[in-house]
Amino acid sequence: MKKLFYILLLLVVFSCTDDTFEILEPVTNSVDIFEVQSTVVNDGDEININIVSEGEFKISLVDEFTNITHTNEIFYGKVGDNKLNIYTRALPRGSYKLLIKDVKDNIIKQTTIKL
Amino acid sequence: MKKLLVLLFLLPMLSFSQTINISLDYAGLINEPVQGEVTPITALEIGDEFYLDVTIYNSDNSQRKVTFADIWFTFKNDAFDYLGIDNPNPNGNWYTNQWPSVYEFQNSTTATVDDLYGQYYTDHRWNYIGEQSFHAPMVISSQTTGELIGVVARLKFRYKQVPNGFDFNQSAMLRKASVRDNITGYLFTDVKAFPNQTFDNVPTSTKVTASFKVLFPETLDPTLFDGGLYTKDPNDVQSWLQPDYATYENFSTDGSMNITQGFDRTSDLAVIANWDGYVVDAQNGDYTITFGEQYDEIVTISDVALAFAELNNRGINQNEVGNEFGNGIQFMNADVNGDGQFNSDDTYLLLSQVLDVSTYLEGDGMVYASKFYPKAQYDTITTTNYSQIPNGTTLMNYLDNKNNSKLQFSFESAITWRGDVNLSHSTTPNVQSEQTTTAKVFIPSYAKATNKVERQISTTITTELVNGKVIANITLDPKQQKVIGAQYKVKFDSSKLIFDEINYQTNNVSTNFSNLKNDYINIGSFVQIKDQYLDGKTKYTLTFTPKVQLDNTLGLVILTNTDAVNAKSEQLKMNIE
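Protein sequences appear in the order of chains A and B.
For the first sequence, position 63 (counting from the first letter as 1) is numbered 63 according to my numbering, and the numbering increases by one without interruption.
For the second sequence, position 64 (counting from the first letter as 1) is numbered 64 according to my numbering, and the numbering increases by one without interruption.
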C-alpha cells in the first residue's frame, strides 16, 4: 500500500510541474481544417482535408447567415491527407460553413471559416 | 489512508478545472477631453465615440492559455455605429465583421444565456426576422501564439440620435464564444460572460440634433451609399454647398446619418445621397463596386416580366390598368424613358437593359437612376394620382427644417429606382387606400411577399477542373413553379481566371443572355411564348481558362445574386444549394 502511495504521490508531483511546450503555429497546413472549430482564411490558403475512403466528394461554402451555398467544388479525394487551396477574392466577407459531402450529399465533415 | 488516496486522485482532476470569463465593459470616450480621465457613461451625448472593452480572465493560465478567441456579440445599430476594433494587446490580431440587423439570436435550448461555450456549441440559431430586429450581429476573432488575457480588444462605437423613449437595454451583448489554447489544442469548455454580459442604460441626449434616414430595403446595403448636408449657395441659387462643419460620410448600417453638424432651422437645407461603393477589405485589398454593378441587381428579369404582364393584361377591351401593378410608384418606375406614360416602348427598353443590348440610363452615375421622396409623400402615391408626382431622377432630399420650436429633427426618405418595377430594391410603399380601391392584383417582389414558401425554387452551382479548364455548371430545379425567367450573377476571381464561353441547355424558345462585366457575368433566360417554361433540365455551363497553375477550384466561381419569375409574373426566391 505504501508503495502505491509513493507512486501516486510521485505522479501528482510530476503532474504539477511545468510542461515544456513546443510552440506551434495556430493553424498549419498539416492540421486537418475540420479538426479546428473556426479559423480565418486568406486568399490562396492551403487547407488539408483528411479523408478515410477514396471517391468523389463535394466541398461547399455556405453563408452562415443566409444559408446560400455560394459554391460547390467536386473533387476526387484519396485516403489520407488531401491538400486544397481556397480562393476568397470572389466571395463576400463573412462567416461560412465549410462542408464536405459524399456523392449522396450527406455531410461528412463540417467546420466554420471566416473571410 | 483511503481518504488520502481519494484526495490524491481528485487533486489532479480538480487542478484542470479552468474557467474563462469574458466581460464587456464601458471604458470612456475614444478621445477624452481631459487626458487621463474617463467620461462617465451618464455623460454620454449623441455623436460621442466610445470604447467597450472586452476582457478575458483565465482562472489558471499556468498551463493553458487563451491564444484563440472567436467572440460573437449583438448590438443595437439603431443607437450605435460600430466603428471597428482597437488592439491593446500585442498578441491580438483581430478579425472583425458585422451583419445587418435583420437577424435575431435565438438562445440555445440547453445552455444558459451567460454560458458562451454552451451557446456556441449547442443549438443556438440566427433567425432571419427582417427589419424588426433590434440587434445587429458582429464577431471578433483572433488566433495567435501569444496569450490573450486582460483587456484584449477595444470595440469602438458612436452614439447616434435615437427616437424618444429608445430602449437602451442590451445595447451591446455577448452571445457566444469559442476559446482555445492553440498551443496545446485545448478547447476551453467553461466560458462564461462575467461580470458584464451586456452594455445598457445609456442616457438620453438633450442637445438639438438632426438625423436623416433613408429607408433602404433589405436588398440594399446602406453603407455603400454616402451623403451629407447641403445648403443653397448664397452666390448662386442653382448651386448647393456644404455648410460649415457639415460632414460627408457613408450611411450607417440602418440607413441613418447624423446631420447635426451644420444643421440650422432657418436655411434651405437638403441631404444629397449618392453611391459610394467603396469596400474595405483588409485581406485582399479595398475595392469599389460600381454603380452599374449595383443597378444590374436592381433591374432584373422579373421586372421585365412584370412590366410585360401589366401591358399584356389590360382586359378584353385593352382599357384596364393596374391588373398587375398595385402601386402608383410602379407605373412611375416602369416609365423608363420618362415620357409620362408607361407603354410598350418602356418594356422593350427594360428588356434591352437586362439583356445588355442597350441602356436607357444617360450616364453611369446614380443620379440617372435614383429617386427620393419624403416618406410621407411616398405613401400618398397611388395608381390614380401618380402622374401628378414629379418622376425625375435625383440625389436630392429636401428637408422640412424651418421649425424653431423643435429640438430633435428626424427626417425619413424613401428610395426608389427607375426600372425597379417590382420594387425589389425600393422602400415598401405604405399606401392605405390603395389595396381597396384601384388595385386588383398586387404582386410584390419575393422579399415583400407573404406566400414565401410557395414561391421558392432551387438552383445549384458546381465547379471542377476538367482538362486544365475550370468548368462551372449551374442547374435549375423549378419544383412546382412555371418558371419563365431566370437570371444569375456569377462572380469569378478575375486575377486567376479568364472567362471563355457559356453553353446553354434551356427551353428552345427561351431568349438566353450573358454579359461579361469585369469580374462577374450576368446570365439568364426569358421565355415569352405562352405555356412554355424553363424546366428541370435547364443548365448553364461556363468555361474558364486559368491564368495561373491551379490544382482545384474552391471559391474561384461563385453565385451571388439570383432572380426568377413565374408565369404569373411573381418574383421567386432561388435557394442556392
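Since the hints were derived computationally from the structure, they do not count as laboratory data.
Some hints could be false.
[Unchecked claim] Distance windows between CB atoms, simulated:
hint, chain 1, residue 1, chain 2, residue 2, range
1, B, 368, A, 66, 56 to 64 angstroms
2, B, 430, A, 46, 47 to 55 angstroms
3, B, 236, A, 93, 47 to 55 angstroms
4, A, 66, B, 501, 24 to 32 angstroms
5, A, 93, B, 501, 27 to 35 angstroms
6, A, 102, B, 368, 44 to 52 angstroms
7, B, 166, A, 102, 45 to 53 angstroms
8, B, 477, A, 66, 40 to 48 angstroms
9, B, 545, A, 46, 16 to 24 angstroms
10, B, 165, A, 93, 31 to 39 angstroms
11, A, 56, B, 536, 17 to 25 angstroms
All of these numbers come straight from a predicted model, not from anything done at the bench.
Note that beta-carbon positions come from the ideal geometry of N, C-alpha and C, so glycine has one too.
Against the structure, the hints:
The beta-carbon spacing between residue 368 of chain B and residue 66 of chain A, approximately 30 angstroms, falls outside the hinted interval of 56 to 64 angstroms. Checking the proposed 47 to 55 angstroms range against residue 430 of chain B and residue 46 of chain A shows it holds: the Cβ atoms sit about 52 angstroms from each other. Taking the beta carbon of each, residue 236 of chain B and residue 93 of chain A are about 43 angstroms apart, not inside 47 to 55 angstroms as hinted. For residue 66 of chain A paired with residue 501 of chain B, a C-beta distance near 30 angstroms keeps the hint of 24 to 32 angstroms intact.
The given range of 27 to 35 angstroms is respected by residue 93 of chain A and residue 501 of chain B, whose C-beta atoms sit roughly 30 angstroms from each other. The hinted range of 44 to 52 angstroms is satisfied by residue 102 of chain A and residue 368 of chain B, whose Cβ atoms lie roughly 50 angstroms apart. Between residue 166 of chain B and residue 102 of chain A the Cβ separation comes to about 51 angstroms, which falls inside the hinted range of 45 to 53 angstroms. Hint check: residue 477 of chain B to residue 66 of chain A, Cβ distance near 19 angstroms, so the stated range 40 to 48 angstroms is violated.
The beta-carbon spacing between residue 545 of chain B and residue 46 of chain A, approximately 23 angstroms, falls within the hinted interval of 16 to 24 angstroms. Hint check: residue 165 of chain B to residue 93 of chain A, Cβ distance near 35 angstroms, so the stated range 31 to 39 angstroms holds. Between residue 56 of chain A and residue 536 of chain B, the C-beta spacing of about 22 angstroms keeps the proposed range 17 to 25 angstroms intact.
The structure fails to meet hints 1, 3, 8 from the earlier list, while all remaining hints are met.
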